[in-house]
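**Q** Guided by the hints, dock chain Y onto chain R, whose structure is given.
If you read the protein sequences in the order shown, they are chains R and Y.
All residue numbers for the first sequence refer to the numbering used here, where the first residue is 7 and numbers rise by one.
All residue numbers for the second sequence refer to the numbering used here, where the first residue is 190 and numbers rise by one.
Hints were generated in silico from the structure; no laboratory data involved.
In this text the structure is predicted, and so the values were computed from the model without any measurement.
Accuracy of the hints is not assured; some may be wrong.
Unchecked claim - One side of the interface only, derived from the structure: several residues of chain Y facing chain R at Cβ under 7 angstroms:
no., residue
1, A272
2, R351
3, L352
4, E364
Stated by the list, open to error - Each pair of labels, with its calculated beta carbon distance range:
no., chain 1, residue 1, chain 2, residue 2, range
5, R, R21, Y, T378, 29 to 37 angstroms
6, Y, I317, R, R291, 30 to 38 angstroms
7, R, H113, Y, R193, 40 to 48 angstroms
8, Y, R193, R, G51, 49 to 57 angstroms
9, Y, I424, R, R21, 45 to 53 angstroms
10, Y, R193, R, S97, 32 to 40 angstroms
11, Y, I268, R, V86, 58 to 66 angstroms
Note that CB positions come from ideal geometry on N, CA and C, so glycine has one too.
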Amino acid sequence: MNTSLQFEQVCVEARDRNQVVTPILQSVDLKVEMGERLGIVGGSGSGKSTLLRIAAGVLSPGLHLTSGNVSTAGVNMLEVDPKVRQEMYGSSVALVAQSLGEALTSHLTIRSHFRDTLGRDVADETILSSLDDAGLDGAKYLHRYPHQISGGERQRVLLALALVRSPSLLLLDEPTSALDVGIAADVLATITRLQESRGFALVCVSHDFGVVGRVCDRVAVMSRGQIVEQGLTEHVLATPSAPYTQSLLASIPRLHVRIREPQPSVQQPVVVVRDLTVIRSGSTRALDSINLEVGKGEVVGVIGESGSGKSTLLSVMCGLVSSTSGAIHDGNGFDLSTPLRDRPLAVLSEIQMVFQNPDDSLNPVRTVEQSMSRYTHASRDEVLAALDAVELSEQFLLRRPSEMSGGEKQRVAVARALLAQPQLLLLDEVTSALDVTVQASVVKMLASVQAATGMSMVIVSHDIALIASFADRLIVLRNGQVVEQGFVDAVIDSPTDLYTQHLVKLAATTVHK
Amino acid sequence: MNKRIVYCVLGFHAVVALLAPLLPLAPTDEQDPGAMLQGFSAAHWLGTDALGRDVLSRALHGGRPSLVIALLATALAAIIGVALGSLAALAGGWIDEALARLIDFLLAAPTLILLLLIASFFGHDPFILSVTLGLMYAAPIARVARGSTQVLLARDFVRVARLQGGRGVNLLFGEVLPNVWRVVLTEITMQFTWIILAFSSLSFLGLGASPPTPEWGLMIAEARSYMTINPLSVITPIVMLASLVLAVQALVDRE
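Just chain R, same shape as in the assembly (with noise of 0.2 angstroms):
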């Protein structure tokens, strides 16, 4: 067999404007032959994607290759003339890049992209067999432009697009990351049937063990620029060797193991929603007649694809949006449809809200514990308290966001919203943009949190695995109205509704089997 990609002892570091050396690749060896499918799979700044630039022949700027090195498909692409690269691009290797929105060209057609890549006389046949290759309907595709496809459809688009010269090795960044559950699924099953009957080299780069687990038949794990393990997929998964492989595979929710046991049901509401009805810009109906209560101490779970109203949800019930029809209340019947500058400070206390994106949810020019103390006025203690409930040192009170991790913010966030004394606490995907293994340990925050305070929650997040360990009753969403709720335990025994039933069925052949 020959060999598509081979790194030998490859160092890189980065350099900046200080010469401040840090290390970004260490002595990384790897080996991909023909045909073969890896999987590398690593938290955020492990060097995974760094790595895969350098096998396409891109190093970013202020990255140095210190020693060792890189083959692909027999040549060094970083030193090969830059018309030999171009040339080889697509004909003999072909990256997908991890942002979807960004990897097409907005004015043009699907068709021109093909011309692009294959030249203005290319016959449309050609495009559309490899569209259908892909698992598009290609006459349908052949005319639209970019915004006016989904983001699977995209990311079939662009696998045909780097699939259209046949070249022998395809490596993939993250190709499932922005993509629904269901979604993603299938185009992993789609990749693997083009691997199968293609026979190309694959390079998957991903966060997520699920996702190497479908598709690869050997794994990478890499952690701050090394690989600590490398095998067989099922070998790495059912008997991992390195400790953080261990805690990575530890880390991964699972449907019936709970982070935080079930309680009993309080009948005694904290906010009651009835018959509640959002229609944005004209007649899309992002809510539709949604009934819920959340009970004293209870953590409801609202699982969705994007687009089924979850966020929405979360914000009519904490005043951010205001709701067309319906009503929604708290537990003392004061009614939530008022607007929040009319709200007294004891309501508005009453629900509080954490925030999907960290980077987003503290203000970059405070420090940690201005910003925890502006609004709630909370004396040092009592904002050291909130710091100790969410497991963060003394040191950080004077830190900015800029110098905390993705982790650290949205524990701050929790912090901060737990200092108003909330008696219900909205989590929007708080943990989606975190690293597995923080995420683990935010959600084991959460639940001590809760169970120290004893606070309702409402949990909003994509992952039923995650939802099913940590709440108590389950809902799920589709286009704005509930098709499933009940217990946890009951609905992922026995899902009742189609699509809980493909989301559990998902779930439970993920990593663990």
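**A** Chain Y alone, transformed into the frame defined by chain R:
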């Protein structure tokens, strides 16, 4: 432009504007009938104008009226613009809509013609000129302040602040302005240069500074008929004006 050059030019203008009366220069209004429209000489380094006044001395003094008026007008424009723009964004709804149309109206109005109208009504009063300039140049600042405030208000940390009781001006000073001042300051600095140019244009047209005040726009207007006899009398104020405006703009480009 090289950063060092920018700072040198700005430093030169600042020193000259502040210290011109203290420098050993010929008086700006001293006429020398025996030496009209002369080229450079030991007595008059950059020659003399049509009335025999020292070009160097007048050019070095010539920035003072523009700078005083421009600083006053810019301060006023900044206060009005930031207040108008950020409050419009904060208020939202029909108030925002109304204020946005007002800003559009001011932006669409032909600045120089309005200035000419007002100057011909109220004469050369520098205070009235500053106020007028300040009002007219508040519009672009308001537009930038409104836009960046709108972006900020949609961010999660501002939503959290609202959930914790932050509202109105408190929200504006607490969350929004600390994050938008860089962008807004850049716009304010740009407008400062436009105001200098506008005032010099007015002087050139005879409605800004009045003779015999040394002012660049006025100097260009007075000397342009004799441009072929002593080019320095036109070139000098042009170079002074252009170097100041370019240096300030290059400074904000760096930000």
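**Q** Mind listing which of the numbered hints don't hold for this structure, in increasing order?
**A** 1, 6, 8 and 10
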